Amino acid sequence: GAVEVSVRSPVACWFSAMLSCFGGSVLSSLMLAEPPVAFLAKGTNVLLASSVWYLVFYCPQDIFCRCFAFLPLRLLVAGMKEVTRTWKITAGVAHADSHFKNAWLVMIAVGWARGAGGGLISNFEQLVRGVWKPETNELLKMSYPVKVTLIGAVLFTLQHSQYLPIARHNLIFLYTVFLVVTKVTMMLTRSTASPFARLEATLGYMFFGMQQAPSKVKSEGALSSNGSSVCDRPSSGQHRDGVKKRQAKKTE
Amino acid sequence: GAVEVSVRSPVACWFSAMLSCFGGSVLSSLMLAEPPVAFLAKGTNVLLASSVWYLVFYCPQDIFCRCFAFLPLRLLVAGMKEVTRTWKITAGVAHADSHFKNAWLVMIAVGWARGAGGGLISNFEQLVRGVWKPETNELLKMSYPVKVTLIGAVLFTLQHSQYLPIARHNLIFLYTVFLVVTKVTMMLTRSTASPFARLEATLGYMFFGMQQAPSKVKSEGALSSNGSSVCDRPSSGQHRDGVKKRQAKKTE
Amino acid sequence: GAVEVSVRSPVACWFSAMLSCFGGSVLSSLMLAEPPVAFLAKGTNVLLASSVWYLVFYCPQDIFCRCFAFLPLRLLVAGMKEVTRTWKITAGVAHADSHFKNAWLVMIAVGWARGAGGGLISNFEQLVRGVWKPETNELLKMSYPVKVTLIGAVLFTLQHSQYLPIARHNLIFLYTVFLVVTKVTMMLTRSTASPFARLEATLGYMFFGMQQAPSKVKSEGALSSNGSSVCDRPSSGQHRDGVKKRQAKKTE
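Chains as they are written, first to last, in our numbering: chain R, 1 to 252; chain P, 1 to 252; chain B, 1 to 252.
One or more of the hints may lead you astray.
[Claimed, not checked] Below 30 Å or equal to it, Euclidean Cα-Cα: the simulated DSS-like pairs (lysine-lysine) are: (1) K42(B) <-> K141(R); (2) K133(P) <-> K101(B); (3) K133(P) <-> K183(P); (4) K42(R) <-> K101(P); (5) K141(R) <-> K101(P); (6) K141(R) <-> K183(B); (7) K147(P) <-> K42(R); (8) K183(P) <-> K42(P); (9) K42(B) <-> K133(R); (10) K42(P) <-> K141(B); (11) K183(P) <-> K133(R).
[Unchecked claim] So the derived list for chain B, only partly shown, Cβ under 8 Å to chain R, looks like this: (12) R8; (13) S9; (14) V11; (15) A33; (16) V37; (17) G43; (18) A91; (19) A94; (20) P165; (21) I166.
[What the hints assert, rightly or not] Under 7 Å between C-beta atoms, here's a sample of chain P residues computed to sit facing chain R: (22) M31; (23) L32; (24) P36; (25) A38; (26) F39; (27) G43; (28) V46; (29) L105; (30) V106; (31) P134; (32) E135; (33) L139; (34) F208.
Treat the hints as calculated values from the structure; they're not laboratory data.
Fair warning: this is a prediction, and the values are worked out from it, not measured in the lab.
Quick reminder that beta carbons are idealized off the backbone N, C-alpha and C, glycines included.
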């Protein structure tokens, strides 16, 4: 119902778009007791994100959205978004380390929040749009981006604590390549299976005694892949996110 | 259902009243990562607000409430409330400026939050009372006070950044006079139309291509004016707010 | 539905358990604008709590849970939990005093939040598990532990401000003994009546003109006592709390 909201109340729509763009920054600021409005202080990023938001929702005849239905462009944007994700995670881990020395749980939490923030606060982002689905949240049913961000946060924390015998830039490079390749593969093949499905099923069986896990993971993967089709405008605010992040990245 | 809550749980009722009184302070503190309980440190204000809350809800035979059904008294209280609103906005803008230099978006956000805080967190204030209406919030359907506070925050931020060629005290004076006159007019004529309805419709048509905006704005105006009838006790906690702010102001 | 959640999503279950364990710490940190993730920095406590969480939910044949169905063990754990409650309240009061000098309302609020945090944020803890019951919260229907923590916070604040002519360690001793005795009595007799029921009814009648209070308090007491039966696994996350706190205490 993003289109309906955009017609009824541009302010709520803008606020919701900003939350899904800068959610990671807001959430990690809250966790470290820093001003969550700090993202507004970077005027350029906010202006760029706002202009993309405006073009997406109010452009006559949906020209902007149609451009992004062009597949190579979508691949490019999705790839760039994954690159910024790596940067966010490393920034979050380093930031947390500067607050709490050697608190590896805090580092994981903040890195995860910074990287996957928009997903983790999706309940409150929906509340702004007047939607409230308490029975679903990203912790109950983790989508693939949230999962992969969690793994990334754990890896970078291990590297930061020098438990992983690998140089930092190598890890960043490998993780980014993995993210981009996985994302592009998922978009091209329209595959719904998470690459971790088998691993998860095994772990779930070993540690938590789950039997029905495999089928569940698969259906969940189907859902998340539907949600990430980039310019399927009425579905959700997902694609705004990607587009804005690309813009923000270009300026940096 | 404020009366029912007051009978069932005085604590929740008191907490909800405090939130609607000091919501602006709490919200702007959260946004700037300052202790949101700071308002409790000003013992006098809290005690005054609490005593008014007590008189409103538990006074025998509703004497207190009947006094405020007297029209001139209601006008006086409503006017005073609008005066404190101006003070809050300017305080919020100045406070934000002391944290982030020249971040005009932060200044607008904090000024708005400080001035209209009770409205913006109304969802959570309702949650305390056991009510949950996710489909309505002040961002989706901005009521008139929230709108006018947003405009005020923008104006004072522009003045603070020296984009507006007007002295500060002149702007405060003009804005306060505008607020009081509009409020008193709305109360006297029981008019439901927001003074900005026509302007909003034009802007909405120009920028967001809204067609059905005018009728929508009008019905919304009707709702907000119903809500602000000062001593209509069972409707909501709105009037507690006005009454307490008057008291708080008198002590300052 | 804690068991169902634990099968569907171990992450959400773990997060919910951590919130109910460290909720007081998180809430009081938020109130004083300190990093709410600070509790993760104490690795030992979190690891212990996590291991208990794991044993409770994923132990084969429920061995761990059956052990705690043994009454003397349950009494011991419940008693220890009450002892830590006293410590938490005094720590909260002292901490608040170090931030705001002589702000007795802040001291009460922070002490209360630290001592009864898990209960006060129960709505959000439920949200993590995908449950949302807006019509019930701890402010609307205070359970016995939340009530007694509020009284404790008031007492320790009075003592801290030297209004109570009693030494600090004496007050701690008396309050802890009172807590433990009341809790054990309630568990042994399966009594549902809160010890304050009569006092509350009188106060409610005097100040708030409640007539139907007594019957209401009693039914509420019945509910809260049901919830606190220690190893009634499917009911709620209540017992995890007790168990983990015992572990956390032993390490200190």
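Open item on the list: Does the closest beta carbon of chain R sit nearer than 8 Å to the beta carbon of R8(B)?
Closed with: holds (7 Å)
TODO: For the pair supplied as a hint, K42(B) and K141(R), confirm whether the alpha-carbon distance does not exceed 30 Å.
DONE: Roughly 28 Å separates the two Cα atoms, so the pair holds.
Task: P36(P) as an interface hint toward chain R, with CB separation required under 7 Å - done: Nearest chain R Cβ about 11 Å off; hint violated.
- [ ] Report holds or violated for the interface hint on L105(P), using the least CB-CB distance to chain R and a cut-off of 7 Å.
- [x] At about 4 Å, which falls below the 7 Å cut-off, the nearest Cβ of chain R leaves the hint on L105(P) intact, so it holds.
Open item on the list: So if I understand the rule, the pair passes when the alpha-carbon distance is 30 Å or less; does K133(P) with K183(P) pass?
Closed with: Status holds; Cα separation ~27 Å.
Open item on the list: Would the hint on G43(B) be counted as holding, given a Cβ-Cβ threshold of 8 Å to chain R?
Closed with: G43(B) check passes; min Cβ-Cβ to chain R is 6 Å, inside 8 Å.
Open item on the list: Given the hinted pair K42(R) and K101(P), is their Cα-Cα distance within 30 Å?
Closed with: Roughly 11 Å between the alpha carbons, so the hint for K42(R) and K101(P) holds.
Task: Residue hint G43(P), partner chain R, criterion CB-CB below 7 Å - done: violated (25 Å)
Task: Given pair status - K42(P), K183(P), alpha carbons within 30 Å - done: With Cα atoms ~29 Å apart, K183(P) and K42(P) stay inside 30 Å; holds.
Open item on the list: Please check whether A94(B) passes as an interface residue: C-beta within 8 Å of a C-beta belonging to chain R.
Closed with: violated (19 Å)
Open item on the list: Does A33(B) hold up as a contact with chain R if the rule is Cβ-Cβ below 8 Å?
Closed with: Hint on A33(B): holds, closest Cβ of chain R at ~5 Å, below 8 Å.
TODO: For the hint on A38(P), just tell me whether its beta-carbon gets within less than 7 Å of chain R.
DONE: Result: violated, 14 Å to nearest chain R Cβ.
The structure is inconsistent with the numbered hints 2, 5, 6, 9, 11, 18, 19, 20, 21, 24, 25, 26, 27 and 28, although it conforms to all the rest.
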